[in-house]
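Trainee: Throw the hints in and build the complete structure from the sequences for me.
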Amino acid sequence: MSRVFVVQSEAVTALGKSIEETWQGLVQGLSAVQPVERFRVECYNSTQAACISDLQIGPEGSRIDPLLEHLVHSVGKVPSETELFFATTKGAVDLLEHRLRHGQGQPLETIVPRVLAERFRGMLGGEGQVQVVSAACASSTIALARAAALIRAGRTKCAAVGCADLVSEFVFSGFSALRALSPEPCRPFDRSRTGLTLGEGAAFFLLMSEGRMRKEQRVPLAEMVGWGTANDATHITAPARDGCGLVAAMQAALAVAGLSPDQIGGICAHGTGTVYNDAMELTAINRLFGLRRLPVFSVKGALGHTLGAAGGIEAAVLLECLQRGTVPPTIGLVNPEEGAASRISSMGQETTGEWLMTTNSGFGGVNCAVVLKKAGDH
Amino acid sequence: MAEVTGIGWVTSNGMGRGKDGFDPGTGPLPQITRREVFTEPFDRFGRMDEFSRVGLTGITLALRDAGLDEWCERRSIGLFGSTVHGCLDTDMAYFETVIPQGGALASPNLFAYTLPSCFLGEAAIRFGLTGPSLTFFSQTLFDPAALLSGLESLYTGECEQVVAGGCDVRGFTGGGPYPQGALFFVLERRPRGEPRYGSLDLTEGGGLICNNTPVTTLFDLVERCLNVRSDR
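Each protein sequence line maps, in turn, to chains A and B.
For the first sequence, numbering that gives the first Met the number 0 gives the first residue as 0, with consecutive numbering after it.
For the second sequence, numbering that gives the first Met the number 0 gives the first residue as 0, with consecutive numbering after it.
No lab work stands behind these hints: they were computed from the structure.
All values reported here derive from a predicted model rather than from experimental measurement.
Beta carbons: idealized from backbone N, C-alpha and C, even for Gly.
Chain B stretches covered by chain A per the calculated footprint, using a threshold of three residues with CB under 8 Å from any CB of chain A:
hint, segment
1, 79-90
2, 97-109
3, 117-124
4, 136-147
5, 152-162
Heads up, incomplete: computed chain B residues facing chain A, CB under 8 Å, no partners named:
hint, residue
6, ARG73
7, PHE94
8, THR113
9, LEU114
10, GLY127
11, LEU128
12, THR129
13, GLY130
14, SER132
15, LEU133
16, GLY205
Mentor: Next up, the structure:
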């Protein structure tokens, strides 16, 4: 069994063009949620989202290529013999919108996420097939888990995971139709929460086995020690109220890591701000971790819900938490939901834990948890 | 090594399982009714998009072939699917409801099926499957990506059983006729009885081998499995 190390991480969000800028915004309590100008929102039950302010449409006709190019500009090329993963929910869905609105544009065959993933591979200078993972809002969390599992099993020594999703009218209208959008910026884990706020962004991770990391003289940012995925088998668009799927995913991640719940020092929750998601998460976290002090936070009040990119962006934030010994404030939280008050705060919280967890849940009942360990001496 | 214990499919030439006679074809898919697949009422089946109906039917037939379609308690069985186009037709149908009247008529029911992993969620709900569930976008129909990931899941102990395969309902990739439909396999780490279709394993190079013969597509695997079965 090979150990799995994170040797590079980056994120582009509506709060910053790098994880450093994003982190600084988070700890300052900033929110990137603004009125949407990209498309008309008069008929929807929200007017706001966390859009990247100067994200232009690229030559391919989509905003997602410039987003990925910016990400790759920061991370550079991947090493040779790197297994590539890419995660998204809707990819270049703005290409589809344009084609359907105007009856022209990119051929349908080129709109699928695999084609976007191949462009991403080209930007990274990667080789071979890209594994393009789609698992709703847990897509990038699951891609990270699959990549880590391949390294642990010795089937590859190096894997890169990229993820991206846009704020699009396609998704905005859909969540509006489902009555899941909050009219105001979302308020994760607050008693007065009324729904989610959409966001956009991208993230990148380079994972290596211990041997490859030493050979390339890379410095570990963290060790990826656990991951688990489970379905709650309950409803397509709503979570199981008892949190059974999330509990199973967290238990599986702890089992892979060889940890007990007591050893986890903090959790980056999915925390969308919908009534049912946040209640389900609190139920699951309380069920598994009991009532001990455990800092929990959500970044979605600041960054919006970035869909398939959420897991990657949140894992990048979690790396910062591990390195800095603190978790950021949960923006939008004023009056914590019952059972959240001792854990979730509108202020930053110190965490002394060596292991932190991040979780995501999504349509189709999917849940995924990843555990990162603070890098030691290597 | 894993045992292949169930096979289910939907193709332009019909649907079937096990030794029924797999025939991919390249024409349009049949319209699947609930009565053809489920004997009991299942209201949601009629509300699903075609991609989900075809995918769920393939999974149902594979589970039925393996004797795993009936259940009392939820089971940690994984679901791994691959697709070229995913739910692109549903995406288009959904956005056509957004365009008029500034999105005021957007269909929540269609939106719920605009993810290529939703049919796996439907299968999870229908059969109480609580293992991992994810879809891969692949280059060709019935690419083995889902099988490879399903096998990895068995080998790492994530699950004891997985359903893995592919689904597509768009019969083209820009050049000529192209098969469409669903083809799923049940793979088990520990066989529950007599061997059925043979064994599937990963090679050193990361490829697939079934009964000592390399397989590169899901088509290869079904042919290999059914030949072995008739040999036995």
